[in-house]
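Protein chains: 2
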Amino acid sequence: MIRIGIFGYGNLGRGVECAIAQNKDMSLVAVFTRRDPKTVSLINKEVGVYHVDDVLSFKDKIDVMILCGGSAKDLPEQTPYLAEHFCVIDSFDTHAKIPEHFENVDRVSKKAGNVAMISVGWDPGMFSLNRLMAGCILVDGADYTFWGKGVSQGHSDAIRRIDGVLDAKQYTIPVDSALERVRNGENPTLTTREKHTRECFVVAKEGADLARIENEIKTMPNYFADYDTTVHFITKEELDRDHSGIPHGGVVIRSGKTGKNLENTHIIEYKLRLDSNPEFTASVIVAYARATYRMKKEGMSGCKTVFDVPPAYLSPKSGDELRGSLL
Amino acid sequence: MIRIGIFGYGNLGRGVECAIAQNKDMSLVAVFTRRDPKTVSLINKEVGVYHVDDVLSFKDKIDVMILCGGSAKDLPEQTPYLAEHFCVIDSFDTHAKIPEHFENVDRVSKKAGNVAMISVGWDPGMFSLNRLMAGCILVDGADYTFWGKGVSQGHSDAIRRIDGVLDAKQYTIPVDSALERVRNGENPTLTTREKHTRECFVVAKEGADLARIENEIKTMPNYFADYDTTVHFITKEELDRDHSGIPHGGVVIRSGKTGKNLENTHIIEYKLRLDSNPEFTASVIVAYARATYRMKKEGMSGCKTVFDVPPAYLSPKSGDELRGSLL
Numbered sequence: 001m002i003r004i005g006i007f008g009y010g011n012l013g014r015g016v017e018c019a020i021a022q023n024k025d026m027s028l029v030a031v032f033t034r035r036d037p038k039t040v041s042l043i044n045k046e047v048g049v050y051h052v053d054d055v056l057s058f059k060d061k062i063d064v065m066i067l068c069g070g071s072a073k074d075l076p077e078q079t080p081y082l083a084e085h086f087c088v089i090d091s092f093d094t095h096a097k098i099p100e101h102f103e104n105v106d107r108v109s110k111k112a113g114n115v116a117m118i119s120v121g122w123d124p125g126m127f128s129l130n131r132l133m134a135g136c137i138l139v140d141g142a143d144y145t146f147w148g149k150g151v152s153q154g155h156s157d158a159i160r161r162i163d164g165v166l167d168a169k170q171y172t173i174p175v176d177s178a179l180e181r182v183r184n185g186e187n188p189t190l191t192t193r194e195k196h197t198r199e200c201f202v203v204a205k206e207g208a209d210l211a212r213i214e215n216e217i218k219t220m221p222n223y224f225a226d227y228d229t230t231v232h233f234i235t236k237e238e239l240d241r242d243h244s245g246i247p248h249g250g251v252v253i254r255s256g257k258t259g260k261n262l263e264n265t266h267i268i269e270y271k272l273r274l275d276s277n278p279e280f281t282a283s284v285i286v287a288y289a290r291a292t293y294r295m296k297k298e299g300m301s302g303c304k305t306v307f308d309v310p311p312a313y314l315s316p317k318s319g320d321e322l323r324g325s326l327l
Numbered sequence: 001m002i003r004i005g006i007f008g009y010g011n012l013g014r015g016v017e018c019a020i021a022q023n024k025d026m027s028l029v030a031v032f033t034r035r036d037p038k039t040v041s042l043i044n045k046e047v048g049v050y051h052v053d054d055v056l057s058f059k060d061k062i063d064v065m066i067l068c069g070g071s072a073k074d075l076p077e078q079t080p081y082l083a084e085h086f087c088v089i090d091s092f093d094t095h096a097k098i099p100e101h102f103e104n105v106d107r108v109s110k111k112a113g114n115v116a117m118i119s120v121g122w123d124p125g126m127f128s129l130n131r132l133m134a135g136c137i138l139v140d141g142a143d144y145t146f147w148g149k150g151v152s153q154g155h156s157d158a159i160r161r162i163d164g165v166l167d168a169k170q171y172t173i174p175v176d177s178a179l180e181r182v183r184n185g186e187n188p189t190l191t192t193r194e195k196h197t198r199e200c201f202v203v204a205k206e207g208a209d210l211a212r213i214e215n216e217i218k219t220m221p222n223y224f225a226d227y228d229t230t231v232h233f234i235t236k237e238e239l240d241r242d243h244s245g246i247p248h249g250g251v252v253i254r255s256g257k258t259g260k261n262l263e264n265t266h267i268i269e270y271k272l273r274l275d276s277n278p279e280f281t282a283s284v285i286v287a288y289a290r291a292t293y294r295m296k297k298e299g300m301s302g303c304k305t306v307f308d309v310p311p312a313y314l315s316p317k318s319g320d321e322l323r324g325s326l327l
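Protein sequences, first through last, are from chains A and B.
Sequential numbering of the first sequence, starting at 1, is according to the working numbering.
Sequential numbering of the second sequence, starting at 1, is according to the working numbering.
Calculated directly from the structure, the hints in this document are not laboratory data.
Do not rely on the hints blindly, as some may be mistaken.
Which copy is meant is left open, so a pair is good if it fits within one copy or across any two.
[Claimed, not checked] Think about it this way: if two alpha-carbon atoms lie no more than 30 Å apart in a straight line, the pair counts; the simulated DSS-like pairs of lysine-lysine are: (1) LYS24 with LYS297; (2) LYS317 with LYS297; (3) LYS61 with LYS260; (4) LYS317 with LYS260; (5) LYS218 with LYS317; (6) LYS59 with LYS236; (7) LYS45 with LYS260; (8) LYS149 with LYS317; (9) LYS111 with LYS260; (10) LYS317 with LYS110; (11) LYS297 with LYS111; (12) LYS218 with LYS38; (13) LYS317 with LYS97; (14) LYS97 with LYS149; (15) LYS24 with LYS61; (16) LYS61 with LYS149; (17) LYS149 with LYS271; (18) LYS296 with LYS236; (19) LYS317 with LYS257; (20) LYS271 with LYS45; (21) LYS317 with LYS271; (22) LYS317 with LYS296; (23) LYS59 with LYS38; (24) LYS195 with LYS97; (25) LYS297 with LYS38.
The structure displayed is predicted, hence computed values, not measured ones.
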């Protein structure tokens with residue numbers, strides 16, 4: 001049994017708890033929270049909830065600690081701190097800061113002799129892996145990543161900060177015609193506006209100026225100004241009834257050419273359609289937690305990403321079984 | 001520079017020659033053939049063609065030997081034989097015999113201290129990898145593999161063996177409605193007939209009994225009897241004009257469920273659309289030839305498959321570069 005700890009219990013932590021229950025070679029040992037542990041209720045009532053301050057007393061009881069905090073403030077501190085005492089895995093997703101995070105985590109985990117995986121999930125994660133592999137196969141070509149249809153938490157939050165807004169949900173939607181051009185091997189150069197549209201469902205406070213809110217959304221720099229954005233004002237009841245899910249997904253496409261005169265076109269497409277973004281991310285993390293455990297057992301240490309892991313390490317099956325059934 | 005040899009120069013060998021030209025860290029050292037080398041003309045006239053009997057004199061001049069023979073008779077003998085003297089890579093694709101082939105190649109290559117990769121391409125190969133990874137992520141779910149639209153060499157050959165047939169080309173085509181059910185997360189149980197149809201373009205000899213030929217095709221056990229098959233009789237000119245390509249492709253889909261009560265459905269889809277089956281297979285092989293070279297440099301030996309290779313090994317870029325640009 002691989003003994004797992006969960007550090008932070010929000011949507012992702014709950015997803016990890018569910019995913020562990022689906023993997024028979026793993027057991028959840030403890031959940032750690034910054035809140036009062038008595039106020040945190042797990043799905044599995046037999047697992048203990050502890051305050052984060054007590055985590056070091058579990059040093060010999062947990063094989064892999066799964067960090068479920070946020071990338072902005074939690075993980076840059078938590079992952080290096082915990083990598084000194086545990087094998088860890090996180091889903092750090094601030095793409096621009098991955099090299100810095102890697103260095104910080106690598107230093108600590110190497111010194112401690114632990115394996116620490118960072119940026120595991122679907123983007124970064126499975127999408128990154130597909131960009132890497134497709135680019136190595138089709139050397140002369142172009143990469144395209146489309147996100148959605150799905151909920152962007154960051155964009156929803158940005159709308160909620162506007163004066164007069166009670167609640168909001170934002171969907172990122174790929175533009176079908178752009179996708180078709182890429183799939184046809186046209187290798188188009190696409191602007192931000194040509195790739196995605198944004199659709200917003202907004203609950204306004206009573207008496208708020210709807211035209212002003214709509215204008216503030218559509219002209220918001222970075223978030224909306226570069227996109228064709230649609231705004232729908234709905235009631236709180238409608239929002240809760242129709243938009244409570246956290247679906248997401250997207251597609252990575254590599255279009256490339258081969259042959260004596262590069263006369264043949266090939267399209268590699270990797271596509272995800274996810275009912276629950278955090279539960280899918282959690283499922284990827286849990287598979288890589290198994291790989292983390294195995295790398296540690298083999299004597300490896302230091303920071304790793306999905307690029308460094310032999311795919312067989314994700315599976316509880318032996319090499320013989322995998323070759324016989326899946327190759 | 002990674003020094004490559006090509007052993008066998010048919011469609012796949014030619015594809016490998018093209019792919020090597022697209023990879024700046026590789027050079028093609030020699031091509032080996034069973035024919036009279038004088039009769040074999042490469043795209044790159046500066047590369048030497050040698051008889052297979054001379055291959056051992058290249059023992060210290062080639063880092064990775066790429067085997068481009070057939071799975072039925074060539075590779076079961078050639079791969080173990082050459083793995084004693086070279087790091088090798090093949091595209092052995094008789095799925096049922098992979099475990100046996102693995103054992104034979106593993107024994108020799110371990111003893112010799114060489115790395116030997118087998119069954120590299122897209123199926124087995126990239127499709128296998130996606131079946132493995134998607135299954136580890138979505139533990140509760142079902143796998144679906146659809147092939148085509150594309151040319152099946154085996155089925156085309158089977159038609160050509162029928163009395164009265166001059167030439168033929170057979171396309172395997174996935175059934176759209178079945179694909180849609182899978183993509184919708186219905187997890188259907190599909191019969192052979194429900195998954196693919198077969199379309200045949202046949203050139204008959206003058207005066208041949210077309211009705212008999214069509215009946216022989218449609219009732220041929222294993223090849224056609226279990227499928228809805230369409231037969232078109234066309235002229236040799238039409239066949240050469242409209243059906244000379246070797247396109248292929250297909251899709252691997254994993255549909256799985258997560259959540260407290262498995263209430264959320266996720267779809268992972270990996271799709272290929274290939275203008276040239278042998279050139280794409282060659283492109284995959286050449287990327288894994290780089291990995292083979294790197295594994296040997298790190299002191300590894302023995303038989304490996306795509307399941308055993310860290311994805312970063314496919315790339316000429318460093319870990320820093322990959323994390324900074326693709327993660």
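| query | For the identical chains here, do LYS317 and LYS260 meet the 30 Å Cα criterion within one copy, between copies, both, or neither? | reply | between (41 Å within a copy, 25 Å between copies)
| message | Treating 30 Å as the Cα threshold, decide for LYS195 and LYS97: within, between, both or neither. | response | within (24 Å within a copy, 45 Å between copies)
| said: Regarding LYS218 and LYS38, is the shortest C-alpha distance of 30 Å or less found within a copy, between copies, in both, or in neither? | reply: Answer is neither: 43 Å inside a copy and 69 Å across each miss the 30 Å cutoff.
| task | With 30 Å as the alpha-carbon cut-off, assign the pair LYS317 and LYS297 to within, between, both or neither. | result | Both: 16 Å inside a copy, 28 Å across copies.
| said: Please sort LYS24 with LYS297 into within, between, both or neither, judging by C-alpha distance up to 30 Å. | reply: Within. Shortest intra-copy distance 19 Å satisfies the 30 Å Cα cut-off; inter-copy 37 Å does not.
| field | 30 Å Cα threshold - placement of LYS271 relative to LYS317 | value | both (25 Å within a copy, 25 Å between copies)
| message | At most 30 Å between CA atoms: does that hold for LYS59 and LYS236 within a copy, between copies, both, or neither? | response | For LYS59 and LYS236, the Cα distance exceeds 30 Å both inside one copy (45 Å) and across copies (74 Å).
| said: My question is about LYS297 and LYS111: at a cut-off of 30 Å on alpha-carbon distance, are they close within one copy, between copies, both, or neither? | reply: Classified as both: same-chain Cα gap 16 Å, cross-chain 25 Å, threshold 30 Å.
| task | At 30 Å max between alpha carbons, let me know whether LYS317 reaches LYS97 within a copy, between copies, both or neither. | result | Between copies only: 19 Å across, 35 Å inside.
| query | Between LYS297 and LYS38, at a C-alpha cutoff of 30 Å, which is it: within one copy, between copies, both, or neither? | reply | Cα proximity of LYS297 and LYS38: none, with 35 Å in one copy and 54 Å across.
| task | Give the relationship of LYS111 and LYS260 under a CA distance limit of 30 Å: within one copy only, between copies only, both, or neither. | result | Answer is neither: 50 Å inside a copy and 38 Å across each miss the 30 Å cutoff.
| Same-copy or cross-copy closeness of LYS24 to LYS61 [CA-CA at most 30 Å] | within (18 Å within a copy, 49 Å between copies)
Checked against the numbered hints above, the structure breaks hints 5, 6, 8, 9, 12, 16, 18, 20 and 25 and satisfies the rest.
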